[in-house]
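Generate the whole structure from the sequences, applying the supplied hints.
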Amino acid sequence: MRILIVDDSRTQRAIIKKIVKMTEIDNIEIYEAGNGIEALDKIKQIKIDLIFTDINMPEMNGEEMIDKLNESEFSNIPIVVLTSKGSDITKNKLEQKGIKAFLVKPFTPEDVNEVLKSFFI
Amino acid sequence: MLNSNEIDILFDEVLEESTFLFADKVKKEEISQYSHENFLITYISFDGEVCGELFLLFSEETAHEITMNMLGEDENNFSDFEVKDAVKEFANMLCGKIVLKEFGKEKEFDISIPIINEAPHEIYKRLIEDEKTRFYMIDERPALFNIGIVKT
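Those protein sequence lines, which keep their order, are chains A and B.
Under the numbering used here, the final residue of the first sequence carries the number 396; numbering is consecutive throughout.
Under the numbering used here, the final residue of the second sequence carries the number 516; numbering is consecutive throughout.
The set of hints was computed from the structure by calculation and includes no laboratory data.
The beta carbon of each residue, even a glycine, is placed where N, CA and C say it ideally should be.
Be a bit skeptical, because a hint or two may be false.
Coverage of chain A stretches by chain B, computed from C-beta distances (three or more under 8 Å per stretch; other residues unrestricted) [stated by the list, open to error]: (1) 285 to 297; (2) 304 to 317; (3) 344 to 356.
Quick list of the computed label-pair ranges, beta carbon to beta carbon [to be verified]: (4) A:LYS368 / B:ASP388: 47 to 53 Å; (5) B:SER443 / A:GLU299: 32 to 38 Å; (6) A:GLU304 / B:GLU381: 38 to 44 Å; (7) B:GLY512 / A:ASP363: 21 to 27 Å; (8) A:GLN371 / B:GLU439: 41 to 47 Å; (9) A:ILE321 / B:SER476: 50 to 56 Å; (10) A:GLN371 / B:HIS485: 46 to 52 Å; (11) A:ILE352 / B:SER368: 43 to 49 Å; (12) B:GLU417 / A:ILE303: 25 to 31 Å; (13) B:GLU380 / A:SER393: 22 to 28 Å.
Structural data, given as structure tokens:
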């Protein structure tokens, strides 16, 4: 399984990477991108099975990236949104764009595991 | 509005959850003696249905410890970039938690990308004198936290 982590914070990418590798799911390959533009490039090159993305990023933010993906042949890739704000308005807006899973920072390994299980087990 | 004690609890919660460190609330007088240390200052603003700004000041040693614990590493050989990135991420999480707690899930707001820099001593002094600043000790090193929230 190929997972793409999109976050401008290397710290947050490292945290998710570490947590994902600790989960019960085998054969995970992790790829990273620092913003939406880099992520779209990676998605065109590699067959990604799941995306973890931050929303607040420079160059192209997570919401813009989700819009681009929804308009493309990659619209079926499941996306987990990582956010430090838990506002209902943001959540509803993203749900309307097809997002089903959210992780509010700081999250625990258990939270990440639950989300992964909901997609893959 | 969140009261003083609630802000302290939130600060400590986010610190503990993300870095496994603890903050002890202290008085301004106990912090003043550390003015010779090197500090990093992080700034974030938030804007929308609620707006405001947040300043967070950690000693460089605390910033390294935060980085080490957030990344779960035993060795403290991080670059400046890695340390600043970790502290910015901490500030981002703290800002989100506080605004969410203050206004609930109904308010929409955007959080700016955090800015972090070495803090000149004038900034340290100015923050110490600001009545909104809260003072903590984290592993015997000072930390200053200043948040101003405006309802719109």
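Problem - Hint check, failures only - result: Checked against the structure, the hints that fail are numbers 2, 3, 4, 6, 9 and 12, while the rest are satisfied.
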